[in-house]
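Residue 97 in our numbering sits at position 81 of the sequence shown, with consecutive numbering throughout.
It is possible that part of the hints are untrue.
Simulated DEER-style distance windows between Cβ atoms [unchecked claim]:
hint	residue 1	residue 2	range
1	T372	I314	36 to 42 Å
2	L379	V282	20 to 26 Å
3	T95	V52	45 to 51 Å
4	I264	S146	26 to 32 Å
5	V69	W238	25 to 31 Å
6	A62	A203	26 to 32 Å
7	D221	I314	38 to 44 Å
8	G297	T372	51 to 57 Å
9	L257	L59	45 to 51 Å
10	T241	I264	15 to 21 Å
11	P88	F200	16 to 22 Å
FYI, nobody ran anything at the bench for these hints, they're computed from the structure.
These numbers were taken from a predicted model, which means no experiment stands behind them.
Even for Gly, the Cβ is constructed at its ideal location relative to N, Cα and C.
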Amino acid sequence: MARRGTNRSRTTARPPEAPSYRTDPPAWTLPRGTIVLITIAGLVVAVGGIKAVSSFAAPTFLALMLTVAVQPVPRWLRTKGFPGWAAFLTTVVLVYGILIGLFATLVFSVARLATILPDYDEEFNEIITSFQDFLTSHGVSQDKVQDMISHVDTGKVVNVVTDVLAGTLSVASALVLVLALLLFMAADSVGFDDRMTHLRDMRPDIASAFGAFAQGTRSYLWVSTVFGLIVAVFDSIALALLSVPLPILWGLLSFITNYIPNVGFVIGLVPPALLALLDGGVVKMLIVIAVYSVINVIIQSVIQPKFVGDAAGLSTTLTFLSLIFWAWAIGPLGAILAVPLTLLAKALLIDIDPATRWADVLLSSSKPEPLPDDPSDVTLESES
Numbered sequence: 017m018a019r020r021g022t023n024r025s026r027t028t029a030r031p032p033e034a035p036s037y038r039t040d041p042p043a044w045t046l047p048r049g050t051i052v053l054i055t056i057a058g059l060v061v062a063v064g065g066i067k068a069v070s071s072f073a074a075p076t077f078l079a080l081m082l083t084v085a086v087q088p089v090p091r092w093l094r095t096k097g098f099p100g101w102a103a104f105l106t107t108v109v110l111v112y113g114i115l116i117g118l119f120a121t122l123v124f125s126v127a128r129l130a131t132i133l134p135d136y137d138e139e140f141n142e143i144i145t146s147f148q149d150f151l152t153s154h155g156v157s158q159d160k161v162q163d164m165i166s167h168v169d170t171g172k173v174v175n176v177v178t179d180v181l182a183g184t185l186s187v188a189s190a191l192v193l194v195l196a197l198l199l200f201m202a203a204d205s206v207g208f209d210d211r212m213t214h215l216r217d218m219r220p221d222i223a224s225a226f227g228a229f230a231q232g233t234r235s236y237l238w239v240s241t242v243f244g245l246i247v248a249v250f251d252s253i254a255l256a257l258l259s260v261p262l263p264i265l266w267g268l269l270s271f272i273t274n275y276i277p278n279v280g281f282v283i284g285l286v287p288p289a290l291l292a293l294l295d296g297g298v299v300k301m302l303i304v305i306a307v308y309s310v311i312n313v314i315i316q317s318v319i320q321p322k323f324v325g326d327a328a329g330l331s332t333t334l335t336f337l338s339l340i341f342w343a344w345a346i347g348p349l350g351a352i353l354a355v356p357l358t359l360l361a362k363a364l365l366i367d368i369d370p371a372t373r374w375a376d377v378l379l380s381s382s383k384p385e386p387l388p389d390d391p392s393d394v395t396l397e398s399e400s
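Kindly generate the complete structure, drawing on both the sequences and the hints.
Below you can see the structure in the form of structure tokens.
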């Protein structure tokens, strides 16, 4: 009996665990709060540096975004039998033509606006007189009304438009820099597949982060282009039916401003609304504003999400804040590149580190999608 009990105790007893020893001392790390403060300080320094060199940074960012956006074009041309050098040159010439065409359209639009405004001196004075009578009838003193009216005339409006035109022409030097950088970046993109494949073997998280950035940037730019063209066509037709001067030019302007999130259509609305006010009075101006608003709401808020959803994957609040921030950091071009630049910052600061990807839940407009596993998503050029 004693022997059976002894055997039972031997079968149920667990041997003591062997003690574990650390061969290396634990790595020393900074407190989390200190790391956060250092990160914020680094970001402040980086943003200050970007703002200090904004005249160079803005064209560089634009060239980078265009290079990423058109990367499927050489691949498609090669599937049609184009040799590598022909696909490269065709893509560069295509992008050059689009940029120069948009820039020329913008300059011509502002110049034409400055040219035709003096023709509406009489209409402008009638509007001012009506506004003066309205203020006087509502108890505003005559002296205050005269003081307000004395600062308003068509000559000053034309001067403002002329200043805008001069500023637009000064952008020509930046356009030359963009064209040069675009050529160099497109040339460097040849053989980029092999480098990204090698990077994925070494650091897959970094490769996936850049893949998400490239995919999001391409989606946003292509979606903005397609629906910008649709908006431009409808705006031009509506302005022509309302007999607003220069309808085609304002339609093209609405296409350009469509790349500016949230407030782009408002910027594109100002010139035709101003001309409608001078050409047909307040009622015509209100009709133009209503038509523009309806077209943009239907196309951008109803139709576009049904086809493509949220191309950028950023929340509305973050998109608006990024618009303000990048416009402040690198100037007007930052308003157009706000979403792609935010995607780039997100890739470098969040997606690149698995430990920080939880922030996607706060920054995204919906449930974040997993980062792409295909290294081809981060390439700028396919293999020849």
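Check your understanding: For which of the previously enumerated hints does the structure constitute a violation, in increasing order of number?
Key -> none
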